[in-house]
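Student: Sequence:
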Amino acid sequence: MIKRVLAIRHDKIGDFVLYWPALCLLKTAMPEASIEVFVAPAVQALAEACPYVDHVIVDTGDDKAITEKFIARKYDAVIVSCSEFRIYKMVHHLDTAYKLAPKHNWYQYLYRHTADARYKTGEPCWRGGCMLVEHFLTQHGYQIPTLPQQYWDMSAEREKWQSYYHHQGDEKLIFAHPGTGGSSGSLSPADFARLLININRKTRVNCKFVLTFSGDEERLAQEIFDKLDQESVKVVMAKPLSSLAYFAKSIVAADMFIAGSTGPLHIAGLHNIATVGFYAGRRSAPIVRWQTLSHRHKRLSYTPPIGKKTGRNMALIDFNAVEKDVVAYLDTHYA
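The opening residue of the sequence shown carries number 1 in the numbering used here; numbering runs sequentially from there.
Don't read these hints as lab results, they were simulated from the structure.
Be careful, since some hints might not be right.
[To be verified] Label pairs and their computed distance ranges (CB to CB): (1) Tyr109 to Thr67: 16 to 26 Å; (2) Pro148 to His55: 13 to 23 Å; (3) Pro305 to Arg158: 31 to 41 Å; (4) Val288 to Ala315: 38 to 48 Å; (5) Thr332 to Ile144: 33 to 43 Å; (6) Asp226 to Asp170: 22 to 32 Å.
[What the hints assert, rightly or not] No more than 30 Å apart at the CA atoms, straight line, and that leaves these computed lysine-lysine pairs for DSSO-like: (7) Lys202 to Lys239; (8) Lys27 to Lys160; (9) Lys160 to Lys172; (10) Lys172 to Lys27; (11) Lys89 to Lys12; (12) Lys309 to Lys12; (13) Lys172 to Lys208; (14) Lys239 to Lys120; (15) Lys12 to Lys64; (16) Lys89 to Lys69; (17) Lys120 to Lys309; (18) Lys227 to Lys202; (19) Lys298 to Lys227; (20) Lys309 to Lys324; (21) Lys298 to Lys12; (22) Lys324 to Lys202; (23) Lys202 to Lys12; (24) Lys27 to Lys120.
Glycine is no exception: its CB is placed at the ideal position from the N, C-alpha and C atoms.
Work out the full structure: start from the sequences and follow the hints.
Tutor: In C-alpha cells:
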C-alpha cells in the first residue's frame, strides 16, 4: 500500500498552479496517502495552501540537505514532473522502488520507470502533469478520478475579500495586473489604461477596477491608476498582502481578471474566474498551451500577429476586438 508520494514541481508560480489538476488526481485517487511536493521558494505559501498537498519541501539550493529530507520522509513513490539531472542526483539515493520521470531529455534513461508526458496538439500544457499521474495510478491499480469543475472553492471567503477590495453595492470587481512574469508580453500602461477606460464606457455593468501588482509593477499600476482616475473611472490600487497564498485566496473577490502575466491569470483560473489574457504571438499556440483553468467560455485570449518582428509587440493586438469581447461577456453575464 502506498502511504507517501513525492511530486517534484520546483519551477515558476504559473507552472505550479497548472500542476494542481495532477495533484488533484493523486489526492482524489489516494485520499489516505500523504501527497507531498518539492517546490521553489516563491511557491511555498501557495503550495501549503493547496488542498491537495499534505507536506511541502522547499528548494533551498542545498542539495545534500534536501536529499536528507527526502530520505527521512521514506517515500513509497516519487513522480518527477520537472526533470533535471540535478533532481536525479538527489532522488537516486532514495530507497524508493518506484520513481517515475517523463520521457524527454537524456536523463529519462537513468530512470527505471518513464511515461510519455507530451500533451497533444490542441491540448493545454497542464495535461502533461496529469499524464504522468495517470500513468502512475494505472500502474498501481488505482482508478483515474474525474477532474472537478473548479480546483479551489474559496466562495465562503468571497464577501470578506470583496470588502478588502472596497466593493460596494452592485459593483463588479474587474482585476487588472500590469507587467509580466516573462512567459508572455506586456501591455504598455497607456494601452492598458485605454482598454479599461473604453470597457468601462461601453459596458452596462457597474465596474470597479482593482489594480494588483508586485515589486516594480507598482509603478506601472500607479500610471494606469492616474489615467483612470483622470477619466473618473472607479479604480483602486490593491493593498499588498503579506504572502502569495493570501493574494491567491483574495482573487476569489474578482468577477474578471485581466493580465499579460500568466502567474496571476492561472491563479484566477483556480477560482474559475473569467480571465482575459494577453500572450506573445508564437507559432507554438500559447493561447492553447498556457490557457487558464477557468471554463472555456470564461477564457478570453489575445495575441499580436505571429512572427519574430510582431509576436512580442503587444501594441499590435486588436484592442477593438478585445473591448467588444469583454463588454459582451460582462453585459451577458452581469448586466
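Student: State for each hint whether it applies.
Tutor: Status of each hint after checking the structure:
1. Tyr109 to Thr67: 16 to 26 Å: Because 21 Å falls inside the window, the suggested range holds.
2. Pro148 to His55: 13 to 23 Å: At 22 Å between Cβs, range holds.
3. Pro305 to Arg158: 31 to 41 Å: holds (38 Å)
4. Val288 to Ala315: 38 to 48 Å: At 23 Å between Cβs, range violated.
5. Thr332 to Ile144: 33 to 43 Å: Taking Cβ atoms as reference, Thr332 and Ile144 lie about 35 Å apart, which means the hint holds.
6. Asp226 to Asp170: 22 to 32 Å: About 26 Å separates the Cβ atoms of Asp226 and Asp170, which means 22 to 32 Å holds.
7. Lys202 to Lys239: holds (28 Å)
8. Lys27 to Lys160: Holds, at roughly 28 Å.
9. Lys160 to Lys172: Cα-Cα ~15 Å, so holds.
10. Lys172 to Lys27: Between Lys172 and Lys27 the Cα gap is close to 34 Å, so the pair fails against 30 Å, i.e. violated.
11. Lys89 to Lys12: Roughly 21 Å separates the two Cα atoms, so the pair holds.
12. Lys309 to Lys12: Holds. Lys309 to Lys12 sits at ~27 Å (cutoff 30 Å).
13. Lys172 to Lys208: holds (6 Å)
14. Lys239 to Lys120: violated (41 Å)
15. Lys12 to Lys64: Answer holds: Lys12 to Lys64 is near 22 Å, not above 30 Å.
16. Lys89 to Lys69: holds (14 Å)
17. Lys120 to Lys309: holds (28 Å)
18. Lys227 to Lys202: Cα-Cα ~17 Å, so holds.
19. Lys298 to Lys227: holds (27 Å)
20. Lys309 to Lys324: With a Cα-Cα distance of about 26 Å, the restraint between Lys309 and Lys324 holds, given a limit of 30 Å.
21. Lys298 to Lys12: Cα-Cα ~24 Å, so holds.
22. Lys324 to Lys202: holds (9 Å)
23. Lys202 to Lys12: Status violated; Cα separation ~36 Å.
24. Lys27 to Lys120: Holds, at roughly 25 Å.
In summary, the numbered hints that this structure violates are 4, 10, 14, 23.
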